[in-house]
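Trainee: One-letter residues, chain by chain:
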Amino acid sequence: MAIKLDSLEVKRDILWRVYLSFLIIIMISIIIIGKAAYIQQFEGAYWRSKSDSLHQKVVQLVAERGTIYSEDGSMLSTSIPYFDVYIDFGADGLREKNGKRFSDNVDSLSHHLAAFFKDQDKAAYKKQLQKGYKSRNRYYSLKKKLSFDQYKTVRNFPLIRQGRNKSGFIAEVKSTRLNPFGLLANRTIGLARTNAQNVGLERTYDDLLRGEDGRKLVRFIAGGVSVPIEGYEIEPENGRDIITTLDVNIQDIAENSLLKVMTENECEQGTCIVMEVATGKVKAIANLGRRADGTYWEDLNYAIRASEPGSTFKLASMLSVLEDKHVTIQDRVNLEGGKWKIGRRTVYDSEHHGKYDVTIKEAFAESSNVGMAKLVSTYYTKNPDGFIRHLRKLHFDKISDVGVVGETSPIIKTTASKTWSATTLPWMAFGYEVLVSPMQILMLYNAVANNGTMMKPYLVSSIQKNGITIKENEPIVVEEQICTKETLKQLRESLEGVMTEGTGKTLQNPFYTIAGKTGTALVANGKRGYADHIYQSSFAGYFPADHPKYSCIVVIKNKPNAKKFYGAAVAGPVFKEIADKLYALNIQNNTVLKRALNLKKDSTGFFYSGEVNDVKYVMNTLNVSYKDSSANDGWSSLYSSNFQPVVNTRMMEKKVVPNLTGMGLKDALYLLENMGLRVAVKGKGKVASQSLDTGSRFSKGDILIIQLN
Amino acid sequence: MDQLLNRTKGDKVIWAIVALLAMASLLAVYSSTGSLAYRMNKSTESYLFKQVAFILIGVAVIYFAHRVNYTIYSRVALILFLIAIPLLIYTLFFGVRLNEGSRWIRLPIIRLTFQTSDLAKLALFMYLSRLLSKKQNVIKDFRKGFLPVILPIGIVCVLIAPANLSTALLIGATSMLLLFIGRVSVKHLFLVVVIGMIPLMLLILAAVYQHSSEDGSRTHAAAGSKLFARVGTWVNRMENFMYGGKNADDEDSYQINQAKIAISKGGVLGLGPGNSQTRDFLPHPYSDFIYAIIIEEYGLVGGAFILFVYLVFLFRSIRIFRKCPYAFGAFLSLGLSFTLVIQALANMAVNVNLFPVTGVTLPLVSMGGSSFLFTCLAIGIILSVARNVDQLEGSKLVTLKNEE
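Top line first, the protein sequences correspond to chains D and P. Going by this note's numbering, the first sequence opens with residue 1129, and the numbers climb by one from there. Going by this note's numbering, the second sequence opens with residue 296, and the numbers climb by one from there.
Excised from the complex, chain P in its bound form (with noise of 0.2 Å):
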């Protein structure tokens, strides 16, 4: 135990973080977890061990993952991207279909449905790193540099696009900001963000005629194949959000509403740990909609606390960035921290209804499932790059031969 401690380095914030959140998830998590056992005829406590052991699998990921040298991840990084697109193909054509859009494959095995997307996201910013430390001389460029760039963004935007819009959305944001982070020409990051205005602007031209319509054009889209099918959804939710849900009764503007009432009844000091009354009526009060159930519960208080702790995050993940001397590693905490934070905030903005709704979870306090494997993967390598950062400090006399 003493030498397993001892093997742990990295960043001793970023773990405290990490155990902080993970309390807090088993905290939330069991609260909020009482209906779906009702409905699916389980013990209380079952989603509760459950969520112990996905912390408790987490937590060896990231063990193993900070044990790893960074630099192993360059290499990675090219071949979990080059796994990545075949699998998103597949999964769009062949997916399991949970809520409409087909997101999930099921592995074989052990028979664990994971969303594709997370391990897409995950593999684009590692190659992103990897393509933004190795192109940094010719970054202004369009051809050599932009180009190069831009484009494994597009490809999986594009693929996870039809199953899951916010997503991809989300990860062509993200990318946008790194992109920038990483010295790319404004003239370029403009370009695309110009081509990405096109499809959305439909979008809200669509949700704007179907609201000034308003008659039963809202199913029609239902009609057609797998891939329209989510068309007429991402348009009911912009209506939605644009105009506000006039139907009680539509599934959206229904979950927004009860998440409303989770955060007005939470107050500034919240009713409590366990004493949730709206997580009998929001539909997903265990991930999508996880954290106004923690404003319910530790009030306006608690939620800024939380938002805080993933500010400390990424405020120390910026300082192993100013450590790291190498462009990889420094790209590496950089790109992966900033996704985690912006997600967290995607989905408190989700909660409190400045976004749309979306199906983003709160890292790590959300429960289980495959995004929380693959951002406590995210976690071990940014800890990976703190610790050999911090090996590059302790002796400064240590040089890293490989590295050259």
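Okay, chain D solo, but in the shape it has when bound (with noise of 0.2 Å):
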């Protein structure tokens, strides 16, 4: 069947267009490498930086926001991160072989996500699952704002387990500040946030905080996954964290004190600052104004904005009076009933007491603005800067400089100021005619409790880097003495006075003595006067008198026409409480006097320990809603804060004695003889006192009592 080619001439005919074809080929040939070359040498430097530009991207590194710690080491403010998270409808996985991967999938995870989130049925899940697959969403947004534990959960959910490349599930993380205490110092601690101007520390140590992003040039490789190149990398730093003075246990108490009393008489706005003594240390700072609907919330800082004193200025007054030995407290002055005019205008007291003549300290203890406005007019009129010069020494005219924004300056007139009248001295004299902070008041009471010695307050003790302090704040000294000991022992006996025989009576206690003055001052609102009837009321002072640990201001500004108004009946009573808790807080080991001082238990104060999930579970249980600033496991505390129940993680060191306070006896059995202690038991129901003190040493087979109640 096959032809032979024998035919020379056909065989020719075909050799010439072989030979033509061929060298067609090989002049296509020719063309293709000499594209190829074109393309390199014309346009190589185009394509190869399209290149970069396509395929090499600079990324942010984001740096860690530094958290904000108490002084005892619990976080007031942090950065916790939060996954949003996205289902790539177009992913190759997902849809390959007609989509069996997502069809295969879809009920199993619609039912896993309905059980878990509980916010819609099955059902409307796998509807919007498969609308998501049919649009071929490549960004479908699934869940947004999912924590960790959420989002660890999500992950092992049918299909999402399968990782990305088959389920197209992508997880973006982004953090978000949490306050782990809510509204404690909520105001001075700060917020950090994205679109707004921040507030309090986070404002002031913004710098610190933030930390220095970092940035990274990627290349990005098969699947959208990118890889660094090396040598375009710098590293975020990671902001730095704040320990702050705070206490976190005497802020709850500074915060809850404060706040139940001004719940109680619908006071308009108040604040509470505990200093300690020796160091001006601020241990406590609450803020707190009403809202309309009547609840309270850290809204501005009120510690540390300038108002007229009113009577706890009284004491500066008394200050200059006895450092220039013009009177001793024992001298006399008539306090004219009550009534005392002078020039055009009339000095009335503000508690009607219908005294003539007594003594210097008992016109303080009545708190009599007579006595004090004839005491400063007497001696001063002729020289008004020589008071002027003693409000100056003890900083009046400065601002705190505690380490927040948001300070207002003082006022303290001079008789070069326009607004300078024959009535501003005495009125001086009583805390009128000046504007100075809480703040400004309790440095001066502070330091009269410090033997003197004026103390900067300060908000914050040290600047950590990953956990090692790079900055350690001192205790400043303002003023090394702001009057001679003579004066101060009569500045001390004068304070004491007040609660012994004046109008603090009724905050005395048996056990421990506090000195301090009350404060009542009716204040302008605004266009109005004086006519609404607005009082402030305060209360300043340290504890114990003899050996003075804290000192301690309230300010609360009434509502109009309130009835109670008067510090000792306001401010008074959250004096007194803060002292008597931080005062058995102090004295721990003496239950006798603890009880006694105590501490009457209402349902606001609780305090229950155990395993983290037990009292979850009982919270759930019982329908008792919470705040949640625990870790996910271990041990942890419930108590009150805010009038809220907080379960916290409650920190269980292994050498060395844990605070077993509001723990069931089989949670303290656990515990404590895990680690190697004997333990013997008193009595029924919770911990209520141990025999080793929290925090002490302990060698193993030592035995602990716990008493129960």
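Calculated from the structure, these hints are not laboratory results. Errors might be hidden in some of the hints.
Said to hold, decoys possible - Using C-beta positions, here's what the derived DEER-type ranges look like:
hint, chain 1, residue 1, chain 2, residue 2, range
1, D, GLY1342, P, LEU321, 56 to 66 Å
2, P, LEU321, D, ALA1252, 47 to 57 Å
3, D, GLU1801, P, LYS337, 51 to 61 Å
4, P, SER338, D, ARG1806, 53 to 63 Å
Claimed, not checked - Derived SDA-like pairs: lysine to any residue, alpha-carbon spacing no greater than 25 Å straight-line:
hint, chain 1, residue 1, chain 2, residue 2
5, P, LYS337, D, ASN1293
6, P, LYS429, D, ASN1293
7, P, LYS618, D, ILE1152
8, D, LYS1228, P, HIS579
As the list claims (entries may be wrong) - Under 8 Å between C-beta atoms, here's a sample of chain P residues computed to sit facing chain D:
hint, residue
9, PHE475
10, PHE633
11, ALA644
Keep in mind it's a predicted model, so treat the numbers as computed, not measured. Yeah, the Cβ is synthetic: ideal placement off N, Cα and C, and Gly gets one too.
Grab the two chains, each in its own frame, and use the hints to assemble them into the complex.
Mentor: See the structure below:
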């Protein structure tokens, strides 16, 4: 069947055609190589740079914002990650084989989603997912703001657990700022917001907290994965951690005491500061403002806003006249029955007492405006600067510089001031016509408590970087000696007198002494002046009077025409409760005294401990809502904060005796015997006291007696 | 083993070329499948082993094909052709849709998808060799020579075109070249070219129209039936080729841009084996765009070398043709080698953006698949012709009686 190409002519005819074709092929080949060379030579630079722009990207490495701690190590403000979860419905793995993987898993995935989030039923989830799949959405938002725990669970759901390539599951990590203690010192700790101005420490120390973002150059490789290009990476520098001077327990006590009284009296705003006498450390700072719905929130830092201080300022007047040796506190002054005309104005005492001839100490104890006005005008009318000099020495003309943005400037008038009049001086004597902040008043009382040495108040005790202290703030003395020892002794006697025989009598207790001064000032209400009878009640002082440990000021602005408005009646109880509780905290061993002092049981002060999941289980079963600041597992305590139960992690160190307060017997036994302690038990109920102190060291086999009640 | 080598006959140079291209394919495929392996969640080596397996099977195919006396292929050609036509029709309507066009059918038992056009192409060229050799005496005659030859070409092209226009065009063009070599009247060929140009011109016109209107009309074709779904793609591709891809996210212009990036990065000497960077971005670096990856890794030099290897292959096949005394063997050797090389050039031309983007693989180098095996079969057939030629040369005494 085959045909031979024996005809030479035919073969030759074919041959030239073949060679012609071969020639064409060679020419095309040359063109191809030529084109490739052309691309390289003439377009190469463009394409190579295009390649870089397409495949390389500078990625920002976000620095982790630092954490704000209390002095005892509790987190006051920290960044926690949250996860936004998306599905790429265009993922090859998901769509291959006609979407087999998707259709196989959509039911079980919907089931798990519905069971876990409980916000929609299975059918709704399934419908959503199918809709997303159908539209080939490459960035379908499944869930936003998942916590790490939730994310861990979701990650193990059907389909999602098959990984990004197969499921198209994309998780994006973001971080948000969390204040585990909520309201506590919120204004002072501050807010770090993306779209608004920060406040408080968050703002003051923003530079330190923020850290320095890094950058890296990455090249994208297969499947949207990027690899860093060596040598083009700047590591982010994480933000520093701020260790504040605040003590969570004291802060909690202060905030709750203030809140309780303010709620009772429907006060408008209030502040409370607790300071450590020896150092000037601010241990607690609470600022509450009433909101439209009647609840309270830390809305403004009232502690550092200047206002007319009222009677607590009289201590400065006393100091002045005593220091200049015009009088002693045993000298007498006529109170004119509580009403004294000077120039065209009349000075009234705020409480009717009907007294005339009294000692200066008594006049101070009665908080007599007349007495103070008389003393100051008697000795300084001819020389007002002599009085003002003392106020300057007490730093009333300077801000406290406690380290929080928002401090307003104080005003101490001088004779040169435009508004200076004949009555300015006597009115200044009892705390009017001056603007100073509660913090400044507290500095004075603290100095008196601190044997005359005025400390600079501060909120940040140290700054840490990765757990290593890089800056430690030492206490700073702003005034070595505000007055002579003689004057100081008289001032302290006067302050104690307030409590024993004066306006603070109701706040006394038999166990320790408080020294302090009440204040009741009528405050102006904008244009309406003093007509609304808005009183500012205050109380400043220190305790225990013989060995002062803490100084404290409470300033509360009452509602118009409030029934109770005296300093002793409104601010005093707050002060007393703080003092009582702090005193109790510091004398833990003396249980008798503690019980006597205490601390009447009420529903707002409770404290239970236990394994965290147990505690949560109980709360959930009882259907009580609570704030959760706890870690995943381990021990926790349940206590009240801001009238709301909080479950928080309780650190149990292995080598020291733990704090067992509020723990059930079973938990306490488990914990202690695991640590190698032998336990003796008395009583029934929850642990009330323990024979070895919290934090003390022990050796194996030591006996610990726990008292239950 | 020795026996096997002894029985391995045919053109030694072509055997060497096969080995060379297989080596190149291993290197290029291994380098360029990383991304695919990652996406498919397979190990990096899995595609390498798959390719090794393909090469082994391919070599076996070549071996057995070249052991067959080529004259048998004359009959096989007819049978294959008769099988290919219904398969093409079946594929057109019931084929597996990969990348829109239905080009594939799945073989039931071995679960391998294969492109029917590959089979049809081989069958057609074998059949053409048979026809050309038979009709040499009447080849210039329109009715007796031209029509019987052009008809099968027409049928195959029309059946392949809807799913795979580029392959159809390529087959058509290669066929024209073969007919030219086979002494078909240039006048007749010219007629075919004119008729073939009509749909092509329409396509170009559509592209021009689309470019000038330039709004959402791109998608309108997709709404139609399966067959018309392809028309939109063709128009888009033509437009992209003619005007350059303006849309960065357009898949075809994206591909060609990436190919250009790969070529640019390669330079004269290349980045070295396994150092391609563009492989992660080129959609099919292991098949359609393997030539760009070769240039990127081995430079212009490497690219030119591969091209040179194909030319040598073609030259050796022409040598076989010259030595082959029988028309069928001669045409078989020419037809199959020209197709193979033209396909290689087409792939390269697409890679350097001389042609619009088509789904043409680089024979023997691109990763596996049915086309790889059909290419091997073609080479086996060429070698079979060469083996017979050698035997004729070796002993002039031997007369192949059955030839007559």
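Trainee: Now, for every hint given, state plainly whether the structure supports it.
Mentor: Checked hints:
1. The supplied range of 56 to 66 Å is broken by GLY1342/D and LEU321/P, whose beta-carbon atoms lie about 42 Å from each other.
2. About 52 Å separates the C-beta atoms of LEU321/P and ALA1252/D, a value consistent with the hinted range of 47 to 57 Å.
3. Between GLU1801/D and LYS337/P the Cβ separation comes to about 54 Å, which falls inside the hinted range of 51 to 61 Å.
4. Checked against the hint of 53 to 63 Å, the C-beta distance between SER338/P and ARG1806/D comes to roughly 59 Å, which is consistent with it.
5. With a CA separation close to 11 Å, the supplied pair LYS337/P and ASN1293/D stays within the 25 Å bound.
6. Between LYS429/P and ASN1293/D, the direct Cα distance comes to roughly 57 Å. Violation of the 25 Å bound is thereby established for this hinted pair.
7. Proposed proximity of LYS618/P and ILE1152/D is supported: the alpha carbons are some 22 Å apart, at most 25 Å.
8. For the proposed pair LYS1228/D and HIS579/P, the alpha carbon gap of about 23 Å is at most 25 Å, so the pair holds.
9. For PHE475/P, the interface hint holds, the least distance from its beta-carbon to any beta-carbon of chain D being 6 Å, beneath 8 Å.
10. Given hint, PHE633/P at the interface with chain D, holds; its Cβ is 7 Å from that chain's nearest Cβ, closer than 8 Å.
11. Interface restraint check: ALA644/P against chain D, minimum CB-CB distance 6 Å, threshold 8 Å, status holds.
When the structure is compared with the earlier hints, violations turn up for hints 1, 6 and for no others.
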